[in-house]
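Undergrad: Listed below, chain by chain, are the residues.
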Amino acid sequence: MTSEFILEVKGLKKYFQAGSSGWFSKNGKQVHAVDDIHLQLKHGEVIALVGESGCGKSTLALTLLGLEEATAGQILFNGQDVTHLADKEKKEMRRKIQMVFQDPYESLNPTQTIQEIVVEPLVVHGIGANETERLERTKKALEDSGLKPAETYLNRFPHQLSGGQRQRVVIASALALEPQLLVADEPVSMLDVSIRAEIINLLAELQKTRGISVIFITHDLGTVGFFADRVAVMYLGRIVEIGGMNDVLKNTKHPYSQALLSVIPVPNPRLRRKRIILQGETPNPVNLPSGCRFHPRCPIAEEKCKQQDPHLFNLNATHQAACLLLENYQ
Amino acid sequence: MNVQLTESSPAAPVQRVNYWKIVSRNRVALLGILMIAVAVIVALFAPLIARYDPKSSEGISSSDVYNPPSAKHWLGTDDVGKDIFTNFVYGTRVSLIVGFFASFISIVIGGIIGLMAGFYGGRVENFLMRFTDIMLVIPDLPLIVVIVALTKASLMNIIFVIGIFGWTTTARIVRSQTLAVKSRKFVLRAKAIGAGNWHIVIHHILPLVLPIMVVNAILVVSSAILSESTLAFIGLSDPTAISWGQMLNFAFSRGAMSVGAWWALVVPGFGIVWIVLALTLLGNGLEQILNPRLESHHLMPGRPSFQSEAEAAPVKTGKSTAPVLLDVQNLSVNYVSDGKVAQAVRNVSFQLHEGELIGLVGESGCGKTTLMMALTRLLPAAGEISNGHVIFHGKDLAALTDEELSNLRWSGISVVFQGAMNALNPVRTVGDQIEEAILKHIPHFPPKALSARVEELLDLVGISAEHKNHFPHQYSGGMRQRAIIAMALSCNPQVVIADEPTTALDVMIQAQILELLDELRKKLGLAVLFVTHDLGIVAEMCDSVLVMYGGVTAEYADVDTIYNAPRHPYTQELLKAFPDLTKPERRLTSIPGSPPKLDALPPGCRFAPRCPVAFERCSKEAPALHRLGENHLASCHLVEA
Chain A
1 MTSEFILEVK GLKKYFQAGS SGWFSKNGKQ VHAVDDIHLQ LKHGEVIALV GESGCGKSTL
61 ALTLLGLEEA TAGQILFNGQ DVTHLADKEK KEMRRKIQMV FQDPYESLNP TQTIQEIVVE
121 PLVVHGIGAN ETERLERTKK ALEDSGLKPA ETYLNRFPHQ LSGGQRQRVV IASALALEPQ
181 LLVADEPVSM LDVSIRAEII NLLAELQKTR GISVIFITHD LGTVGFFADR VAVMYLGRIV
241 EIGGMNDVLK NTKHPYSQAL LSVIPVPNPR LRRKRIILQG ETPNPVNLPS GCRFHPRCPI
301 AEEKCKQQDP HLFNLNATHQ AACLLLENYQ
Chain B
1 MNVQLTESSP AAPVQRVNYW KIVSRNRVAL LGILMIAVAV IVALFAPLIA RYDPKSSEGI
61 SSSDVYNPPS AKHWLGTDDV GKDIFTNFVY GTRVSLIVGF FASFISIVIG GIIGLMAGFY
121 GGRVENFLMR FTDIMLVIPD LPLIVVIVAL TKASLMNIIF VIGIFGWTTT ARIVRSQTLA
181 VKSRKFVLRA KAIGAGNWHI VIHHILPLVL PIMVVNAILV VSSAILSEST LAFIGLSDPT
241 AISWGQMLNF AFSRGAMSVG AWWALVVPGF GIVWIVLALT LLGNGLEQIL NPRLESHHLM
301 PGRPSFQSEA EAAPVKTGKS TAPVLLDVQN LSVNYVSDGK VAQAVRNVSF QLHEGELIGL
361 VGESGCGKTT LMMALTRLLP AAGEISNGHV IFHGKDLAAL TDEELSNLRW SGISVVFQGA
421 MNALNPVRTV GDQIEEAILK HIPHFPPKAL SARVEELLDL VGISAEHKNH FPHQYSGGMR
481 QRAIIAMALS CNPQVVIADE PTTALDVMIQ AQILELLDEL RKKLGLAVLF VTHDLGIVAE
541 MCDSVLVMYG GVTAEYADVD TIYNAPRHPY TQELLKAFPD LTKPERRLTS IPGSPPKLDA
601 LPPGCRFAPR CPVAFERCSK EAPALHRLGE NHLASCHLVE A
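Order-wise, the sequence lines are chains A and B.
In terms of the working numbering, the first sequence opens at residue 1 and continues consecutively.
In terms of the working numbering, the second sequence opens at residue 1 and continues consecutively.
I should point out that these hints are in silico values taken from the structure, not numbers from a laboratory.
Quick reminder that beta carbons are idealized off the backbone N, C-alpha and C, glycines included.
Accuracy of the hints is not assured; some may be wrong.
Capping the alpha-carbon separation at 27 Å, the derived lysine-lysine pairs in DSSO-like fashion look like this [what the hints assert, rightly or not]:
{"#": "1", "chain 1": "A", "residue 1": "Lys-91", "chain 2": "A", "residue 2": "Lys-148"}
{"#": "2", "chain 1": "A", "residue 1": "Lys-13", "chain 2": "B", "residue 2": "Lys-185"}
{"#": "3", "chain 1": "B", "residue 1": "Lys-583", "chain 2": "B", "residue 2": "Lys-395"}
{"#": "4", "chain 1": "B", "residue 1": "Lys-21", "chain 2": "A", "residue 2": "Lys-148"}
{"#": "5", "chain 1": "B", "residue 1": "Lys-21", "chain 2": "B", "residue 2": "Lys-55"}
{"#": "6", "chain 1": "B", "residue 1": "Lys-583", "chain 2": "A", "residue 2": "Lys-250"}
{"#": "7", "chain 1": "A", "residue 1": "Lys-88", "chain 2": "B", "residue 2": "Lys-185"}
{"#": "8", "chain 1": "A", "residue 1": "Lys-148", "chain 2": "B", "residue 2": "Lys-597"}
{"#": "9", "chain 1": "B", "residue 1": "Lys-340", "chain 2": "A", "residue 2": "Lys-13"}
{"#": "10", "chain 1": "A", "residue 1": "Lys-10", "chain 2": "A", "residue 2": "Lys-306"}
{"#": "11", "chain 1": "A", "residue 1": "Lys-274", "chain 2": "B", "residue 2": "Lys-583"}
{"#": "12", "chain 1": "B", "residue 1": "Lys-523", "chain 2": "A", "residue 2": "Lys-91"}
{"#": "13", "chain 1": "A", "residue 1": "Lys-274", "chain 2": "B", "residue 2": "Lys-522"}
{"#": "14", "chain 1": "B", "residue 1": "Lys-468", "chain 2": "B", "residue 2": "Lys-395"}
{"#": "15", "chain 1": "B", "residue 1": "Lys-182", "chain 2": "A", "residue 2": "Lys-96"}
{"#": "16", "chain 1": "A", "residue 1": "Lys-90", "chain 2": "A", "residue 2": "Lys-148"}
{"#": "17", "chain 1": "B", "residue 1": "Lys-448", "chain 2": "B", "residue 2": "Lys-395"}
{"#": "18", "chain 1": "B", "residue 1": "Lys-440", "chain 2": "A", "residue 2": "Lys-91"}
{"#": "19", "chain 1": "A", "residue 1": "Lys-148", "chain 2": "B", "residue 2": "Lys-576"}
{"#": "20", "chain 1": "A", "residue 1": "Lys-208", "chain 2": "B", "residue 2": "Lys-583"}
{"#": "21", "chain 1": "A", "residue 1": "Lys-10", "chain 2": "A", "residue 2": "Lys-88"}
{"#": "22", "chain 1": "B", "residue 1": "Lys-576", "chain 2": "A", "residue 2": "Lys-250"}
{"#": "23", "chain 1": "A", "residue 1": "Lys-306", "chain 2": "A", "residue 2": "Lys-29"}
{"#": "24", "chain 1": "A", "residue 1": "Lys-208", "chain 2": "A", "residue 2": "Lys-148"}
{"#": "25", "chain 1": "A", "residue 1": "Lys-208", "chain 2": "A", "residue 2": "Lys-250"}
{"#": "26", "chain 1": "A", "residue 1": "Lys-274", "chain 2": "B", "residue 2": "Lys-523"}
Covered stretches of chain B (in silico footprint by chain A; criterion: 3 or more residues with CB under 8 Å from a CB of chain A, positions within the stretch not fixed) [said to hold, decoys possible]:
{"#": "27", "region": "191-205"}
{"#": "28", "region": "404-418"}
{"#": "29", "region": "463-474"}
{"#": "30", "region": "488-502"}
{"#": "31", "region": "506-514"}
Construct all of the structure, not just a fragment, from the sequences and the given hints.
TA: Here is the structure:
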């Protein structure tokens, strides 16, 4: 039962039917949203998942949570295969993996009070002997999430809270179940810059005190620099580079990661860096380019990149990148 | 623990929404409710209100037939000499009973079918909705007539038959609302928690579908009442229960017209009109309440209303030797609503020079967008420029007539709004829309040159000519934003105001757009006012920075000074909260609290309640804007020389 890794993902694929398939039309095209992902996450580890929209990072998260059914591959949670589970087992698993969504304005039901929102997971899973015990747990979850004193929030509605407070409510409701793995999908991108830090700091604090593992999906690496142990860069459904935070940020190897990192604005006017601006947009994941899927936009692509699809090459013990030009690195 | 409660302190717990209070404010709904209440009271207390027993024929003689209204019979008598007022009062009962019970059946059937179809989707939805379509196509009134005629025309039968034919609209409305609610994020969150389908439908979908079902139910009630009247009018009614339709039927078929007994027709007709009108009013009123967007809000030019405000000498900014294009002097903007005045912008001055790019930064709610809107007088109706001047080529934009101003917009100053790329008309080609923009501002543009001009503009923003005849949905988000920029440049403006032009875009597309803006600025010599909350973009692009807080200038300086030697505590705190990719180890801090509400500003310095270095004076006295260098201004007591 116990495994070195809390989460192991092996060759995970998630394809969607392109267009709607009705009674009369059979559409053979597929969207390769997540295409052959391999990932290992240790207990208590924090990994940041970065990429542009359409790179499959959110689909990956939903598939890991069992909210989307995997097309192929395997997901091991604590060494146990959880890829395809019956409803009852799935419910049990969801206690252990929780998610924080991007938009705190949309992810709370406007007709529920804060108390109803946070107590809901406890009711669904039958946790707590009675109402009083559940209320105590609810209050604790709210206070742990920085909403103190909890009593003043219980009877309020989401629209009466600010964006930061709402995201704390979402975090409280996820924490009420005491999960082992938290998937945070851009939890601060909708918030004002001035309060992003407090939500990140809250997550970092909770991660440390509870020893939970975190998958942090973001497009802004600067925010999670101090918090994440590792970074995985995704492009068109694949991980193109993965490694320790410092390896990826300071010794970036994959040409896509280099471009992506170069265009994230840095608040330092004396450091007007050379930006590598890729032209065009990410290709449609229905018709993937041949060979390396990045080659049509790659500034350094060679002839072989059109034919050969690279796998992740080891750059050092923990740093890997999927680029043919790195094959003979070292 | 670095986690603090940083938002406004919680107020006393608030009770659930007071629906009665909302409804009572809507006059249409209120009138409907009152009219229905009258009908319900009449129905409930029929025996007390009616003057005779409707079933008894005691004391009626042949001379009582079709008597006109009199003291004895307020509304006259009918074909068998019975009191019409009595029949009318008892008829209310039947109409309401049929209306409410038949619609109850319809709503339950339609609600269940709609919820199931919307929630499960796929084959279930296909089957249920095709079934609904078939039911819709069948002309229900003839069918109801046939079924009622074949069975016994009892009250129960009529209710049942009307009920099971009246659910189709409900099913369709409930289904579409369910679909909309189902795709919302909180439903996904409930699934992630582990909630089952039943739980999700009861706790998350039904509460949001219910309001629409209520509105629909009201309309279903009125159509059930009409159906009952129609049936009764053609003779299909329960002979033991008087209804309005039945009264009409008897009057028509038994010669009321030929003897001129109008009262026998008008009275039941009035009843039907009354109740249907009441329900329609209530339905419309509720719809207005539930969908406030039906009330329109337009952007209206904020009319300048100058108040005699002590006018300080406007502060000069910028060290550029280039000529000043846009000179903003002591600009103040108020929002007035419900008699309350909110100071959204207070005494802001700056100069935008030719070719200069000024970044306007601050948190949401600091007055950035208001200031930007005020510059071109595109404020919402509640906003007004209360003081100050916006000088452009010697003219004060704040004092121009609407017509003069609209000539100047686009040709002199153009605006790229936040999210404008989603405001392109979806049914017209992008080329058409750019042509329209040109013609609107230059009506005499030579028609032959128009097409070439559009291609030139698209080329300028990096869109090839072949995309000219494409529709917005064929463009990607980045291309749409480019098209918007092309439109903004269509009349050769000198000043471009860009309000968060890249907020919704991915970083790579953002970089493309920013690079484009920078190129255009150099190529066309544009002056740009760039409104953003991204301090990274400002550092990489801007020449000068204006930091706003609570509607006032917190700090103004060239970009290097702002980032390397900021003097205002707000600027310093803002920089500490902003991530820097090149310093991943740096721990970010947030600014406790939130910007002040503009209608409840703190006394003294507006930043004092959140300021880490505030002292006694800050909460009493508002700081003046101090000059710290040739091109550096800050409003803080601590920088006072």
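Undergrad: Looking at the structure, which of the earlier hints fail to hold?
TA: 1, 3, 4, 5, 9, 12, 14, 16, 17, 18, 28, 29, 30
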